[in-house]
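Engineer: Chains as they are written, first to last, in this note's numbering: chain W, 3 to 149; chain P, 3 to 149; chain Y, 3 to 149; chain F, 3 to 149; chain C, 3 to 149; chain Z, 3 to 149; chain R, 3 to 149; chain D, 3 to 149.
One or more hints might be untrue.
Unchecked claim - With a straight-line Cα cutoff of 30 angstroms, these simulated BS3-like cross-link-like pairs (lysine-lysine) come out:
{"id": "1", "chain 1": "D", "residue 1": "Lys53", "chain 2": "Z", "residue 2": "Lys53"}
{"id": "2", "chain 1": "R", "residue 1": "Lys20", "chain 2": "D", "residue 2": "Lys91"}
{"id": "3", "chain 1": "P", "residue 1": "Lys53", "chain 2": "R", "residue 2": "Lys53"}
{"id": "4", "chain 1": "Z", "residue 1": "Lys91", "chain 2": "F", "residue 2": "Lys143"}
{"id": "5", "chain 1": "W", "residue 1": "Lys91", "chain 2": "F", "residue 2": "Lys149"}
{"id": "6", "chain 1": "F", "residue 1": "Lys149", "chain 2": "Y", "residue 2": "Lys91"}
{"id": "7", "chain 1": "D", "residue 1": "Lys89", "chain 2": "D", "residue 2": "Lys20"}
{"id": "8", "chain 1": "R", "residue 1": "Lys89", "chain 2": "P", "residue 2": "Lys53"}
{"id": "9", "chain 1": "C", "residue 1": "Lys89", "chain 2": "Z", "residue 2": "Lys89"}
{"id": "10", "chain 1": "Y", "residue 1": "Lys149", "chain 2": "C", "residue 2": "Lys91"}
{"id": "11", "chain 1": "W", "residue 1": "Lys53", "chain 2": "F", "residue 2": "Lys149"}
{"id": "12", "chain 1": "W", "residue 1": "Lys53", "chain 2": "F", "residue 2": "Lys89"}
{"id": "13", "chain 1": "P", "residue 1": "Lys53", "chain 2": "D", "residue 2": "Lys149"}
{"id": "14", "chain 1": "Z", "residue 1": "Lys91", "chain 2": "D", "residue 2": "Lys149"}
{"id": "15", "chain 1": "R", "residue 1": "Lys143", "chain 2": "Z", "residue 2": "Lys53"}
{"id": "16", "chain 1": "R", "residue 1": "Lys89", "chain 2": "D", "residue 2": "Lys89"}
{"id": "17", "chain 1": "W", "residue 1": "Lys91", "chain 2": "R", "residue 2": "Lys89"}
{"id": "18", "chain 1": "R", "residue 1": "Lys149", "chain 2": "C", "residue 2": "Lys149"}
Just so you know, these hints were derived from the structure itself, not from any lab.
Just so you know, these numbers come straight off a predicted model, no measurement behind them.
There are 8 protein chains.
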Amino acid sequence: MEWNVYLSGEIHTDWREKIIAGCEEHNLPINFSSAVTNHEASDAAGDVLGKDENNFWRDHKSAKVNAIRIKTLLENSDLAVVRFGDKYKQWNAAFDAGFCAALGTPYITLHDEDIIHPLKEVDAAAMAWAQTPEQVVEVLKYTIAQK
Amino acid sequence: MEWNVYLSGEIHTDWREKIIAGCEEHNLPINFSSAVTNHEASDAAGDVLGKDENNFWRDHKSAKVNAIRIKTLLENSDLAVVRFGDKYKQWNAAFDAGFCAALGTPYITLHDEDIIHPLKEVDAAAMAWAQTPEQVVEVLKYTIAQK
Amino acid sequence: MEWNVYLSGEIHTDWREKIIAGCEEHNLPINFSSAVTNHEASDAAGDVLGKDENNFWRDHKSAKVNAIRIKTLLENSDLAVVRFGDKYKQWNAAFDAGFCAALGTPYITLHDEDIIHPLKEVDAAAMAWAQTPEQVVEVLKYTIAQK
Amino acid sequence: MEWNVYLSGEIHTDWREKIIAGCEEHNLPINFSSAVTNHEASDAAGDVLGKDENNFWRDHKSAKVNAIRIKTLLENSDLAVVRFGDKYKQWNAAFDAGFCAALGTPYITLHDEDIIHPLKEVDAAAMAWAQTPEQVVEVLKYTIAQK
Amino acid sequence: MEWNVYLSGEIHTDWREKIIAGCEEHNLPINFSSAVTNHEASDAAGDVLGKDENNFWRDHKSAKVNAIRIKTLLENSDLAVVRFGDKYKQWNAAFDAGFCAALGTPYITLHDEDIIHPLKEVDAAAMAWAQTPEQVVEVLKYTIAQK
Amino acid sequence: MEWNVYLSGEIHTDWREKIIAGCEEHNLPINFSSAVTNHEASDAAGDVLGKDENNFWRDHKSAKVNAIRIKTLLENSDLAVVRFGDKYKQWNAAFDAGFCAALGTPYITLHDEDIIHPLKEVDAAAMAWAQTPEQVVEVLKYTIAQK
Amino acid sequence: MEWNVYLSGEIHTDWREKIIAGCEEHNLPINFSSAVTNHEASDAAGDVLGKDENNFWRDHKSAKVNAIRIKTLLENSDLAVVRFGDKYKQWNAAFDAGFCAALGTPYITLHDEDIIHPLKEVDAAAMAWAQTPEQVVEVLKYTIAQK
Amino acid sequence: MEWNVYLSGEIHTDWREKIIAGCEEHNLPINFSSAVTNHEASDAAGDVLGKDENNFWRDHKSAKVNAIRIKTLLENSDLAVVRFGDKYKQWNAAFDAGFCAALGTPYITLHDEDIIHPLKEVDAAAMAWAQTPEQVVEVLKYTIAQK
């Protein structure tokens, strides 16, 4: 079985690369996917359909184009990793976690100890809480390759 | 038909009371529900099962007890209103929105204009964005009572 | 058992009133529901949230507010009647029929003989095709009250 | 991941060919599918089972044979593009859009500006509105291939 | 809890009446439902929509009108009793049993010993096989009223 | 796309072989599947688990072993063909049709004209009625290969 | 909202009575339900359908009759409490827990500390672990009645 | 078709190896999967995320990591074999059976005759009861390879 693993959340550090590289080292049969992580491209996703002056509608149009990708990949995933960093609101990451919870798709959260309290509802529906990408790799290795 | 409307999010202002009072004025047949909004009671929800020293597990236990209520009420709702204020992380509100999106439960967001951008994914899956409780009341009145 | 019957489509003739009156005559236990049939109110459904200059977004906002009602009532229905008249595009009626088909909700179409051909896909997924409101009443009476 | 994209609606212009060619240029991994677009063959789909004199039943039989294909391909699709031209009733396209909406399958509408108003319910449930096949290609390219 | 029990199958003996009377004696809180059991009315169910000369289409039209009722009542049932007598094909009863099996709705079969073999697939998915209406009453009494 | 087509019903004539051969001639990409059609093997399917003296339980055990196969293949099918011959009760075929109807899996019935009336409920939920295997092949060819 | 709470598991101590009495004291709007807890009646549930000599089939028949009740009540429940005592295998309690987990129905386990390890999979999918009926009452009171 | 078969339960005897070897002999197209069967590795599955002193939470964390694998593989399975040995509580095996029952995934139980009674609810929802791995191989061979 090939596993589909979706990587959701923070786009300002290299946690995705670390997890992917770590899993490749162990030759784990995983297809990783993600939203578009290029911030500017993501914000402009809907501009090709006619750019709106109004901020709300420009964001709306782009967010819906992005949602085609996110929703489809997330629904096709066996597992998600949801990362919360120390900056920005990151409501989209919590939204993805809620989406997974309703679908019954297991997810692992990845965040530091100092945001345990505001993330308690998100962690309560998670299958695991990791603090480092290396821990995520270990969990994936165990899940997929342990006899 | 009686409508079940779930009120999710911010617990530090009186937006819930305003929406409920506004709907009562119009005699709308709505059962409102909500998570426990008493912050201290909510954080201590799991303590009756044995209080943990460890912060993560204390939060975990309480969040799961709260989730029995939230999940059940949300799944029974016809509509949710999800409120984002100007303080705190409010990841639980975004989590509820993602949960609704996956279930196909329509929801209305309630937030100020200055957080349009970080909420764009949450708004993209919403049926409406309101800026005041009065607007939410108007939308509910139209939805439920307009001929 | 009380039946929930949704009446979808044309708003320019009195077919809804005829069906409702006919069923009342037979004391059939039916809760009828419908989208807002006041054309102007329907087009302005979203204006309370801030009126847009742009036609597309004004329509979009109103259509989504209307969809809260339509989707909820349609999902709660045991049966729908979908009416096509001889004017306008009436794509919303065909949309509702497709929605019912995917949900497995039975529906009856109500239309004249001269539009059989363009409605063939819609009729193919219907449980019955009626040409008059009186026929719909007869089918409802049989379905609900026949021993 | 290979994407399954269903092309629904108008059969009198070459919008399907343009989208397919545009995606091939970018080597996008897409399997396109569609209803039978040969109008005469489609109308005669059921004749092999015994041709009916009665117009309604001839259409009914053919529409059901076509529905085997449409329903199966649509349910297997990750995304649909629904095209409305300037002629004919095109209720089948709106029916497909409603079917997608109920299944939670994202779809993009493709139509001119002058039919925004009658399509507002169909657009309200869509993830994007495009006016040209080239825009659809751009959205597909972004969705599938953007990093 | 009130139980909804659907009685499917044979219409030529009084097994329905016996079960209903037996359950009333024990004051069991059951809403019984059934297809139309008046054979002539059932065969003519679609005639109000325009009577077809062609036998297949007349039956088709009537069977679909009947299906509105059967499908709705069966989907709302907690339990079905499916009766096979010693005459006729009774494919509709086996069809209802297969429908229940796919929905996960429990059903009890009611038939004599001499048709065990041809009913083995139907019995294999049933929760119980009864030979008399009295046994069905006993099972219902136990299921609903036993402490 | 490869289509999975399940062939249900009568095992005493060569209709399966004719359909398979006809589809092979046209190189249609179909995986055909079926219950075990060797009557004796099918009746003895459960004997390996310990043969029962009691007829009901022997049949029950075998029917359940067969159901592992039937249920799995049917749930994986895109389309079923359900054949009714002129002998035996064939309740399992009607059961499979009801199962498909509840799952929303399209099916084609294959039977002679003289059993239209007792099969009316089964035909009402079918997408097509064929009288010969050759007609089924034509419908499959159209569904899968027509441009 | 009235809550439906299913009480699963051990039948040899009075934990059910304690929970029910505790909830009545607080006037909580709960409908409690349960499998038949009279051991002898439960083992004989199928005897009315003809008593089997063979132990496996006698148990099988009775267990299926009981399953009509258990499955129906469990599927209608908002919450389950699953109790494991210190005697017997109690596989049916673990079976009910797995059933709830797959349905997404929240459940609370009730057991002593000394069986934490063998119950770890069952507890991992639970929303709470209680050691006394009084704790269950507290959790129910909080869930249902806390503002 | 390749079949996915999940092997659940007892880890202290070689029943898995026997079934796998027996199926390989017959070249059956089966992908077998299983929870991690190394007892120590399984108990320590969550330790990489930070080892807890508290027994309950250590077990909890490990059981949830294991559940990522179990839930995913079980949901992807066409069939499960659930083995009960003569030692230990084995509540996880009964939990898996209940999980399968709710999903509609067929399963075969594998256990000795002396535990028929406590397993009656688990057996009642199973498609077959085998006493030896060889019998399971025979059922799989019949299910997958019999013409």
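Engineer: Now tell me if each hint is right for this structure.
Structural biologist: Against the structure, the hints:
no.: 1; hint: D:Lys53 with Z:Lys53; verdict: violated (52 angstroms)
no.: 2; hint: R:Lys20 with D:Lys91; verdict: holds (26 angstroms)
no.: 3; hint: P:Lys53 with R:Lys53; verdict: violated (52 angstroms)
no.: 4; hint: Z:Lys91 with F:Lys143; verdict: violated (55 angstroms)
no.: 5; hint: W:Lys91 with F:Lys149; verdict: holds (22 angstroms)
no.: 6; hint: F:Lys149 with Y:Lys91; verdict: violated (40 angstroms)
no.: 7; hint: D:Lys89 with D:Lys20; verdict: holds (20 angstroms)
no.: 8; hint: R:Lys89 with P:Lys53; verdict: holds (28 angstroms)
no.: 9; hint: C:Lys89 with Z:Lys89; verdict: holds (14 angstroms)
no.: 10; hint: Y:Lys149 with C:Lys91; verdict: holds (22 angstroms)
no.: 11; hint: W:Lys53 with F:Lys149; verdict: holds (21 angstroms)
no.: 12; hint: W:Lys53 with F:Lys89; verdict: holds (28 angstroms)
no.: 13; hint: P:Lys53 with D:Lys149; verdict: violated (61 angstroms)
no.: 14; hint: Z:Lys91 with D:Lys149; verdict: holds (22 angstroms)
no.: 15; hint: R:Lys143 with Z:Lys53; verdict: violated (53 angstroms)
no.: 16; hint: R:Lys89 with D:Lys89; verdict: holds (14 angstroms)
no.: 17; hint: W:Lys91 with R:Lys89; verdict: violated (51 angstroms)
no.: 18; hint: R:Lys149 with C:Lys149; verdict: violated (34 angstroms)
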